[in-house]
Amino acid sequence: MSSRLKSILFAAALCFVCSIVLTTATTGLQRFQQKNLLIDKHRNVLMSVGLVEQDRRYTAEKIESLYRENIKPLWVDPSGQLIEESRRGETDLPLYVYLKEEQIEAYIVPFNSRGLWGRIQGYLAIDSNGSTISGFTVYKHSETPGLGGEIEKAWFQKNWVGKKIVDRSGEFVSVSIAKGAVEDTVKSDKHSHYVDGISGATLTGKYLSAGLKEILENYEPVSIKFRKNLISKPPGHS
Amino acid sequence: MNGTITKPWIAIRKTRSFKDIMRALYDVNPISKQILGICSALAVTVQLNTAIVMSIALTLVVAFSNLAISCMRRAIPRNIRIIVEVAVIATLVIMADEILKAFLYDISKQLSVFVGLIITNCIVLGRAEGFALSNPPFRSFMDGIANGIGYSSILIGVAFFRELLGSGKLLGFQVVPNAFYEFGYVNNGLMVLAPGAFIIIGLFVWLEHTLVKRD
Numbered sequence: 000m001s002s003r004l005k006s007i008l009f010a011a012a013l014c015f016v017c018s019i020v021l022t023t024a025t026t027g028l029q030r031f032q033q034k035n036l037l038i039d040k041h042r043n044v045l046m047s048v049g050l051v052e053q054d055r056r057y058t059a060e061k062i063e064s065l066y067r068e069n070i071k072p073l074w075v076d077p078s079g080q081l082i083e084e085s086r087r088g089e090t091d092l093p094l095y096v097y098l099k100e101e102q103i104e105a106y107i108v109p110f111n112s113r114g115l116w117g118r119i120q121g122y123l124a125i126d127s128n129g130s131t132i133s134g135f136t137v138y139k140h141s142e143t144p145g146l147g148g149e150i151e152k153a154w155f156q157k158n159w160v161g162k163k164i165v166d167r168s169g170e171f172v173s174v175s176i177a178k179g180a181v182e183d184t185v186k187s188d189k190h191s192h193y194v195d196g197i198s199g200a201t202l203t204g205k206y207l208s209a210g211l212k213e214i215l216e217n218y219e220p221v222s223i224k225f226r227k228n229l230i231s232k233p234p235g236h237s
Numbered sequence: 000m001n002g003t004i005t006k007p008w009i010a011i012r013k014t015r016s017f018k019d020i021m022r023a024l025y026d027v028n029p030i031s032k033q034i035l036g037i038c039s040a041l042a043v044t045v046q047l048n049t050a051i052v053m054s055i056a057l058t059l060v061v062a063f064s065n066l067a068i069s070c071m072r073r074a075i076p077r078n079i080r081i082i083v084e085v086a087v088i089a090t091l092v093i094m095a096d097e098i099l100k101a102f103l104y105d106i107s108k109q110l111s112v113f114v115g116l117i118i119t120n121c122i123v124l125g126r127a128e129g130f131a132l133s134n135p136p137f138r139s140f141m142d143g144i145a146n147g148i149g150y151s152s153i154l155i156g157v158a159f160f161r162e163l164l165g166s167g168k169l170l171g172f173q174v175v176p177n178a179f180y181e182f183g184y185v186n187n188g189l190m191v192l193a194p195g196a197f198i199i200i201g202l203f204v205w206l207e208h209t210l211v212k213r214d
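Protein chains in written order, with numbering that gives the first Met the number 0: chain A, 0 to 237; chain B, 0 to 214.
It is worth saying that the hints were derived from the structure and are not from the lab.
There's no promise every hint is true.
Unchecked claim - Pairs of lysine-lysine, DSS-like flavour, derived with a Cα cap of 25 Å:
1) B:108 - A:61
2) B:108 - A:139
3) A:152 - B:168
4) A:157 - A:139
5) A:152 - B:100
6) A:162 - A:212
7) A:139 - A:186
8) A:34 - B:168
9) B:100 - A:40
10) A:227 - A:205
11) B:100 - A:139
12) B:108 - B:168
13) A:232 - A:71
14) A:189 - A:61
15) A:157 - B:168
16) A:189 - A:227
17) A:40 - B:6
18) A:186 - A:227
19) A:61 - B:100
20) A:152 - B:13
Claimed, not checked - According to the in silico footprint, chain A covers these stretches of chain B (three or more CB under 8 Å from chain A):
21) 68–80
22) 94–105
Claimed, not checked - Some but not every residue of chain B turned toward chain A, in silico, with C-beta under 10 Å:
23) 15
24) 17
25) 83
26) 86
27) 87
28) 90
29) 112
30) 171
31) 192
Glycine included, every Cβ here is placed at the ideal spot set by N, Cα and C.
Use the sequences and the hints to build the structure in full.
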């Protein structure tokens, strides 16, 4: 057997063995990974409304019970009406509501925005007044650790709390990430629509701001209803 | 033979594997003597628990890649040996990553890309190419363990000081008493940043060079 043929056969056999090993490992572990992913999503939903803290450890059972007690997944139709899971239509958008004594305390918008290296996925919680952000979390991203990756850190996420998605006249403006500290780069009358940027991650901020604006625009119908106090309870409780 | 039964410690100390481990800890430590694998040593040493998980993952990857390559060493065609080594290492690293994602999800999120980057860690390829290709399987396996321990010793040492000085905690538990903070003690912010790791690794290198003097 020539040495070239031997090399090719050896490489082919190695590839075959490696791929079998990897496929077995990934399919075997998928069940556990998906469960972790779901719990992590729930943890982030809870974090966006301040029910769990970022740096504390919680057991999976604790997360699940908190989630069951306080959060209700719903859908929004294009007119801004909240709809039960069972009656959702094709074009409806997902939404979570945070319930406190049967009243909606806040609603949570899932976002999936463009980032620098890949999609950024997370949750934006908005107070039931329809204009104040009460929390921001990210559960999945592929930004550079230490630069764009800082979006998952508590210091960055804390900045979002209390920002307004509408201006004083009630016009939708979204919330953007400033290029640097808000104090230095943004006019004082617009401070409530900007959060501090991350140095070295201008592009991450730019894409995320644009992505959030687009998502929040899609959710404007329901936000308007919240602003006009038309919604205070989940459907089926009226 | 009697000696091995009555004094097992001495017998262990005479084995080649033990000598290999001691050598990897001091004389040829991959990080502090050979200055390999610095990238991950800077990145994952902010906290002790990520450093420990990273150490275990790397040790297992080096040991098993050495074992696998050593077993195949007579069959591997010389001209594609690096490709074969990298394929074996990559397979093991992806497996380690998948296992972490399934069972230690929080830590795997914190380690993010650095588990994947074990593939490019010079220690792993270096041991495969420099040792496993020319030595029998068991010795290669032990060589992997030895180098893994050498790497881990520095990684865990650096993480110990960075977490203690940088956030006043060890393994996530508060160890600096609150009374200290009331008296004006402040956590050292530099330790949380990558330059802090550089300084600590530098001190470790200096310490080892002074302790282990060459004749």
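task: Output the numbers, in ascending order, of every earlier hint that fails for this structure.
output: Hints 7, 8, 10, 14, 17, 18, 20, 23, 24 contradicted; others consistent.
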